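Generate coordinates for the entire structure from the input sequences, incorporating the hints supplied.
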Amino acid sequence: MVTGEPVLALRGVSKRFGAVQALTDVEMEVHAGEVVALVGDNGAGKSTLVKSIAGVHQPDDGDIEWGGRAVTIHRPQDAQHLGIATVYQDLALCDNLDVVGNLFLGREIRHFGVVLDEVAMERRSRELLDTLSIRIPSVRIPIASLSGGQRQVVAIARALIGSPKVVMLDEPTAALGVEQTAQVLDLVERLRDQGLGVILISHNMADVMAVADTVVVLRLGRNNGVFDKSSTNQEQIISAITGATDNAVTRRQARGTEGPQ
Amino acid sequence: MTDQTPNGGEERHHRPLPEDTMPKGGVNAPVPVAAEATPAVDPRLIVRQEGVKGYLGEFKRRLSSGELGSVPVVLALIVIWAVFGSLNSSFLSAQNLSNLSQQIVGTGMIAIGVVFVLLLGEIDLSVGSVSGLCAAIYAVLSVTHGVNQGVALLCALVGGAVVGLIQGFFFAKVGVPAFVVTLAGNLGWNGLMLQILGSQGTVNLPGTDVVSKLYSTFYGQQIAAYGAAFFGVALFLAASLFDAQRRRAAGIPSRPLADIVLRTVLLAIVAFLAAYTLNQYKGLPLALLIFLIFIVVLEYMLRRTAYGRKIFALGGNIEGARRAGISVPTIRITVFMICSTMAAVGGLFLAAQIQSASQTSGGGNLLMNAIAAAVIGGTSLFGGRGSTWSALLGALVIGSIQSGMNIEGLSNAIQFMITGAVLLAAVVIDSLARRTQKAAGRA
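Protein sequences, first through last, are from chains B and F.
Residue numbers for the first sequence follow the working numbering, beginning at 7 and rising by one.
Residue numbers for the second sequence follow the working numbering, beginning at 1294 and rising by one.
Keep in mind that a hint or two might mislead.
Quick list of simulated restraints, FRET-style, between CB atoms [stated by the list, open to error]:
#1 B:Gly119 with F:Ala1718: 41 to 51 Å
#2 B:Val121 with F:Phe1523: 18 to 28 Å
#3 B:Gly119 with F:Arg1556: 25 to 35 Å
#4 B:Asp199 with F:Glu1612: 24 to 34 Å
#5 F:Gln1646 with B:Val121: 30 to 40 Å
#6 B:Ile115 with F:Glu1351: 20 to 30 Å
#7 F:Val1451 with B:Ala25: 51 to 61 Å
#8 F:Gly1350 with B:Leu226: 36 to 46 Å
#9 B:Arg113 with F:Ala1551: 58 to 68 Å
#10 B:Ala181 with F:Phe1523: 46 to 56 Å
#11 F:Gly1443 with B:Val121: 22 to 32 Å
Keep in mind that the hints were calculated from the coordinates and are not lab data.
Quick caveat, the model's predicted, so the values are computed rather than measured.
All C-beta atoms in this analysis are idealised placements derived from N, C-alpha and C, irrespective of residue type, glycine included.
Below you can see the structure in the form of structure tokens.
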């Protein structure tokens, strides 16, 4: 299903914080219409990798390729302009503003560049939420009235307002119940169906196996295997995460099995 | 609280990338709706009924979930007027109410500025001193130095804005808590005012200058007050109808007509009653008209412009606002400038009221009254909730208490205690409402 040029590719990305080598020669590819799960134990470098892509940190070494060309991402705005949207774990929604206000915060539709066009924003919000089959009581109630799952889908929908090509979700299901998790996973699949590349960070193996096409395992800041979901199982991934296998990539290469790498 | 994250200022150093264009398509392109797509309505949602009954139901539900808005202050105002009116019939006389509407303007203007700072969840303790300073700038320039009155007025307002710029800089860029910056300002600007007033200490206004006229002018013709009331009501009705029509055209929910009519009738009753009362005495005070114009224009700015939205966003979640690309320091500095400029406007009206700028200008309990007015009026101390109308309502409450006490011949001692108790009650209501809102999932 996933073929051709990757939208986003990391080539040998390394990042050092003082005496800590957070990332070492990390490789990753994201294609259009592909859900890439990024998994690893705490401290494996997942968040650092996401922040490097999002422009919060700059990698010390290696390239970030966008559509086959190396780019430098200095600031979060650069990533947004490229078409990389990030939904952080703490969502960063404004509780006192309504759903429309939050969706368009910082990029409001305006008359004459000053006055808010509430009607146009509300219509766009409804269209967007309908397209994603997001169920919310009303787009005019404050975020404070929404449940955790609803806030999460609003945060994801907000990332989509800027028409990104790649969406990064940092632990989107971490604090959610069963039904809300299902909603978010449905949403992730819908993003894939619309041709977006999705990077999903999660500790929950069930979630990962449910929606991911490719699973990238990080261990101690290094790649510890890239798995194609159709040809792997949960045990294999978990042993790569915990380091029970010395290196899944080398093993697989030694066996000569299939896989993207 | 300085801006240390790299995404703080998009405008400042924007380096376009080769791919620096918004990708088209994606989810914003017309997408075939997913097969099992359901309309985005949650079945658990309590849907408001049509008509007046539904309106009342919605109102009750809002009250019980802690969204009190201006209900407590309106109730308080009714109680205060009923008590003082029954104690002494002259309290509710046209003359007293007309004077009251004029006297609240100075404090109310300062309170508008305080509302802006409170919306950020911050406080400005310097507004009293700043109002005195700017009144002194105007008086000394126009009276002592014979500068053109318009220029002197402008200098006073610019002086207020510069004060806000300085305080905002120390708060937003250096990272000193606003409380401390403005507390230092409270003392410092008071000192500067004494310096400007010089040895004689008091500068009397001639009473024929522009600021005095702004305060003391009345439009005596009957048509003025009624015309202003009619204009206000018509503007409200037209704006509501236009908005509802646009929403219907766009296919999104709009206010039902009955709702609009009900609101318009309520507004018309209040507006024409006020106009009738004012006409029983001297007519429409220009000061009140200017106050109302400031309230309406600034409320529009808060609710309907991108700038106002940013102020609310900052009051709601600073980190969220920053990640959305809002320049937090810029908003903070400009809000402090608005606050200080409004303090200057209020100071000028207060100077016109006592016909002088003196060493006691901006002192006494002016600062507390201005902050109390904003809070009593329903603007939250916790940021993100409020309206410029709370400046009018709060100033009316405080002004009514003072006026009623004066008529009853009660001392300042009692007055202070009662005003303090009302302020405490307002803050208690704000805190309780916030707790209820949290419990009801609305905070």
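- Message: If I claimed the Cβ atoms of Gly1350 (chain F) and Leu226 (chain B) lie 36 to 46 Å apart, would that claim hold in this structure?
- Response: 59 Å, violated
- Please test the hint of 22 to 32 Å on the beta carbon pair from Gly1443 (chain F) and Val121 (chain B). Given a distance of about 30 Å, which is inside 22 to 32 Å, the answer is holds.
- Per the hint of 46 to 56 Å, is the separation of the Cβ atoms of Ala181 (chain B) and Phe1523 (chain F) within bounds? Cβ of Ala181 (chain B) to Cβ of Phe1523 (chain F): about 54 Å, so the range 46 to 56 Å holds.
- Query: At the C-beta level, are Gly119 (chain B) and Arg1556 (chain F) separated by a distance inside 25 to 35 Å?
  - Reply: 30 Å, holds
- Range hint compliance [Cβ, Asp199 (chain B) to Glu1612 (chain F), 24 to 34 Å]: 32 Å, holds
- So does Gln1646 (chain F) sit 30 to 40 Å from Val121 (chain B), Cβ to Cβ? 35 Å, holds
- Given the range 58 to 68 Å, decide if the beta-carbon distance of Arg113 (chain B) to Ala1551 (chain F) lies inside it. Cβ of Arg113 (chain B) to Cβ of Ala1551 (chain F): about 36 Å, so the range 58 to 68 Å is violated.
- Task: With 41 to 51 Å as the target window, see if Gly119 (chain B) and Ala1718 (chain F) comply at their CB atoms.
- Result: 43 Å, holds
- Is the gap between the beta carbons of Val121 (chain B) and Phe1523 (chain F) within 18 to 28 Å? With Cβ atoms ~25 Å apart, the hint holds.
- Task: Look at the Cβ atoms of Val1451 (chain F) and Ala25 (chain B) and judge whether their distance stays inside 51 to 61 Å.
- Result: Holds, since Val1451 (chain F) and Ala25 (chain B) (Cβ atoms, about 53 Å apart) stay within the stated range.
- Ile115 (chain B) paired with Glu1351 (chain F), Cβ distance criterion 20 to 30 Å: 28 Å, holds
In summary, the numbered hints that this structure violates are 8 and 9.
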